[in-house]
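Asks: The chain contents come next:
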Amino acid sequence: MRHVIVGASAAGLNAARTLESLDPQGEITILSAEEVFPYSKMSLPYLLSNKVKKRDYLFLPHPSKAKLLLGQRVVNIDVERKKVETAQNKTFSYDKLLIATGAEPYVPDMELEGSPLVLTVRNLSDMDKLKDKLNKSDVKRVILSGAGLVNSEIADALAELNIPGTFVIRSSRMLSQIVDEEGSEIIAERAIESGMELITGESITKVQEEGDHVNVFLSSGKVIQGSCVVVGKGVKPSIDFLEKTPIKCDTGILVNEYMETSVKDVYAAGDVTESIDLISDEYEIHALWPVAMEQARIAATNMAGYSWKYPKEVSRNIVNLFGEVVFTGGISKEDAYDVYKEKEGRSYHKILVRDGKLVGFIFVGGVLNPGVYLAAMKNQWDISHLLNEAIKGALSYSMFKAPTREVVNI
Amino acid sequence: MKVLMLDQAKCTGCRACEYACSFEHTGKFNPLDSRIKVNEFWEDLTFVPSVCLQCERAYCEEVCPTSALTKNPETGVVELNKEKCIGCKQCIVACPWGSIKLDHTGKEVIKCDNCGGDPACIKVCYPGALSYEEVEDITNVKVQETATRLKEIAKDLVKGGA
Ligand SMILES: Cc1cc2nc3c(=O)[nH]c(=O)nc-3n(C[C@H](O)[C@H](O)[C@H](O)COP(=O)(O)OP(=O)(O)OC[C@H]3O[C@@H](n4cnc5c(N)ncnc54)[C@H](O)[C@@H]3O)c2cc1C
Ligand code: SF4
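From first to last, the protein sequence lines are chains A and B. Position 137 of the first sequence, counting from 1, maps to 137 under full-length UniProt numbering, and the rest follow consecutively. Position 123 of the second sequence, counting from 1, maps to 123 under full-length UniProt numbering, and the rest follow consecutively.
Incorrect hints may appear among the rest.
Think about it this way: if two alpha-carbon atoms lie no more than 30 Å apart in a straight line, the pair counts; the simulated BS3-like pairs of lysine-lysine are [to be verified]:
hint, chain 1, residue 1, chain 2, residue 2
1, B, K71, A, K378
2, B, K28, A, K392
3, A, K67, A, K333
4, B, K84, A, K136
5, A, K333, A, K312
6, B, K107, A, K333
7, A, K54, B, K155
8, A, K53, B, K142
9, A, K392, B, K107
10, B, K71, A, K312
11, B, K142, B, K155
12, A, K51, B, K28
13, A, K51, B, K142
14, B, K155, A, K378
15, A, K53, B, K82
16, B, K71, A, K51
17, B, K82, A, K65
Residues of chain A placed beyond 10 Å of chain B at every Cβ, according to the derived structure [unchecked claim]:
hint, residue
18, K51
19, V75
20, D126
21, D132
22, Q225
23, M293
Simulated from the structure, these hints should not be mistaken for lab results. The C-beta atom is built at its ideal place from N, Cα and C for all residues, glycine as well.
Okay, chain B solo, but in the shape it has when bound:
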């Protein structure tokens, strides 16, 4: 199973992903129609992309009165079935992260669908803040990273103690 991976440290805040996302889904370049959002923190010159986490037991899915939102067990994506959606917007209030949201008209519900397995956002992210990877690979990388960090801490402790 592949997931969208964010490495915030690499984001330069160019927001190309927002435009790519909007274009992929609507044919127009409107950041308000983007499923991914780059949050800008000018005080710290930090940029943080945020996108739907495809939660295991998602609040949006739980609250949907017509089961228009369901988790696809194969792809892991919480999918929105437009045919079943009645537009009640319970889902967007339920998501504390604002990852399922309203489009530029303030009326239609939109959410990240990993572009059906070929995310447009990652293709324009030249600094490599966004990638689309196998869960297992990410887990391995994370384990490795954490271990490395702990090793450094352990080394410092040993030095401090000596």
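Chain A on its own, in the form it takes in the complex:
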């Protein structure tokens, strides 16, 4: 069996690893548009803060048998003849194909595009550019356009380095996609204490380069200075090359429960996909590292000839921000169903419960077993008798599987 994988990142490489073990006779080819050896994108903020102690640690494990071809950008797929074509004028035939091309930063403000001092952070080269900028510029402050997950992580890294930052946020608060107002408030307080500045309800209208820094014009007319602008306004799946194919896409590639696309023998996994969300029961983009890993494992298993169903996905995030662990999942940015909240100083817990089952949560600090919360939500275990433990952040696995001696003895 010839397996071709497009994209060599979290999803592509985990699929290769799975295929290597499930289809040892198979021929696996991985095509990567990037020239550098695959690395972990989610570790980039940690590279900035020097938590990645050696640059080598960033690189993902080598596939053992798969052939990895760097600098091959796929430009079209001929699904009839089962061939992929690259911009480097090569074609590769497949029996089973996996699209794992991930996502690219979304830059909504057209006027910001193109300036060498307006950066996004997705690739290693982006991070190198940012580091270089910080080293060279006499102005240290970084202007962060948007306060989503990635920019918040960048800000956290800047705080570690004692570099000031200014968030320019169009909405009224930080992390509005994953936490509610109360959560945002605590995180913002911590951000400010860590040397960040927050400008809300404003957007950037113009960026003007001056020497080695930038003057940033805001919608209110205010002008601020920084070493560069980092735009973090979410991502969009990399699907442009599918235009001429019948593979069904909305914002991302729509996959079924086997991670197969609308075209037979073509699978997709990771940030490039849209899959059904367990809580909303609708197609959603779950652009997350662990989701990419899981989807790739299942897609590859099915490419190897099995029929594994992918459990519906739930969104979740765990992130270190300004000295606190922030853990969210499911419906978290708003209140819905039965809402339980506990706020004590700087710690904030919220759980949302629907028919006795967990459908959302926020923990700013104070959760012992985050994995159990995710498992409880994914499996929709009944927590109606455990609400007290749940809101305290104290759920543990065995609370759900209360064994009796008889059961254990079998």
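With chain A's structure known, arrange chain B with the ligands on it following the hints.
Replies: Then chain B with the ligands, alone, in the frame of chain A:
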């Protein structure tokens, strides 16, 4: 290869293992820093110790972005390399059993390492709920136990039929 063996039926819920584990790894007696946890079910007066299963293809290992977690093929232990760990905590969300977890500060990642081959927990488990045994021996014991149980069932069936 040796593995930590749990015999839940023998656990009295004394939690000495938790203290021993914490002390071995941190020099302090804090159950929140213990890699092993005794779950208490007071309704049934049942106590169930739980500890990392050192999974064959572990979710924590799969998800770790820096390969700080790897399975040691010789000892079978999923090892945490602190030097490589960036503290992103993907691993603790990935483990549905909560076996790789946060310490008492809620910030550091901790997991069972079999104390490098000499587990502290088993030394204080006087009822013998915890032991450290060769995989082959355990398999044999389990085969024997299951066979014995099946034999009893078979005997009952024969009696019932007669
Ligand atoms: C700075 C940063 C911080 C993050 N933090 C977190 C976090 O804390 N938690 C979390 O869960 N997630 C986080 N993420 C997201 C996480 O990194 C992604 O979910 C994950 O990388 C997705 O993996 P993927 O394999 O689907 O796609 P990607 O990692 O995007 O990789 C896709 C690869 O395909 C290549 N490619 C694209 N098009 C083509 C083509 N036509 N031909 C050939 N190759 C192509 C790309 O060059 C790229 O190398 C973060 C991401 C970034 C950038
Ligand atoms: S916290 Fe450390 S061990 Fe766990 S996934 Fe992150 S880097 Fe790996």
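Asks: If a hint holds in the structure, say so; if it doesn't, say that too.
Replies: Against the structure, the hints:
no.: 1; hint: K71/B - K378/A; in the structure: holds (26 Å)
no.: 2; hint: K28/B - K392/A; in the structure: holds (24 Å)
no.: 3; hint: K67/A - K333/A; in the structure: violated (43 Å)
no.: 4; hint: K84/B - K136/A; in the structure: holds (28 Å)
no.: 5; hint: K333/A - K312/A; in the structure: holds (20 Å)
no.: 6; hint: K107/B - K333/A; in the structure: holds (23 Å)
no.: 7; hint: K54/A - K155/B; in the structure: violated (64 Å)
no.: 8; hint: K53/A - K142/B; in the structure: violated (45 Å)
no.: 9; hint: K392/A - K107/B; in the structure: holds (17 Å)
no.: 10; hint: K71/B - K312/A; in the structure: holds (28 Å)
no.: 11; hint: K142/B - K155/B; in the structure: holds (20 Å)
no.: 12; hint: K51/A - K28/B; in the structure: holds (27 Å)
no.: 13; hint: K51/A - K142/B; in the structure: violated (45 Å)
no.: 14; hint: K155/B - K378/A; in the structure: violated (43 Å)
no.: 15; hint: K53/A - K82/B; in the structure: holds (10 Å)
no.: 16; hint: K71/B - K51/A; in the structure: holds (23 Å)
no.: 17; hint: K82/B - K65/A; in the structure: holds (29 Å)
no.: 18; hint: K51; in the structure: violated (4 Å)
no.: 19; hint: V75; in the structure: holds (29 Å)
no.: 20; hint: D126; in the structure: holds (17 Å)
no.: 21; hint: D132; in the structure: holds (21 Å)
no.: 22; hint: Q225; in the structure: holds (31 Å)
no.: 23; hint: M293; in the structure: violated (5 Å)
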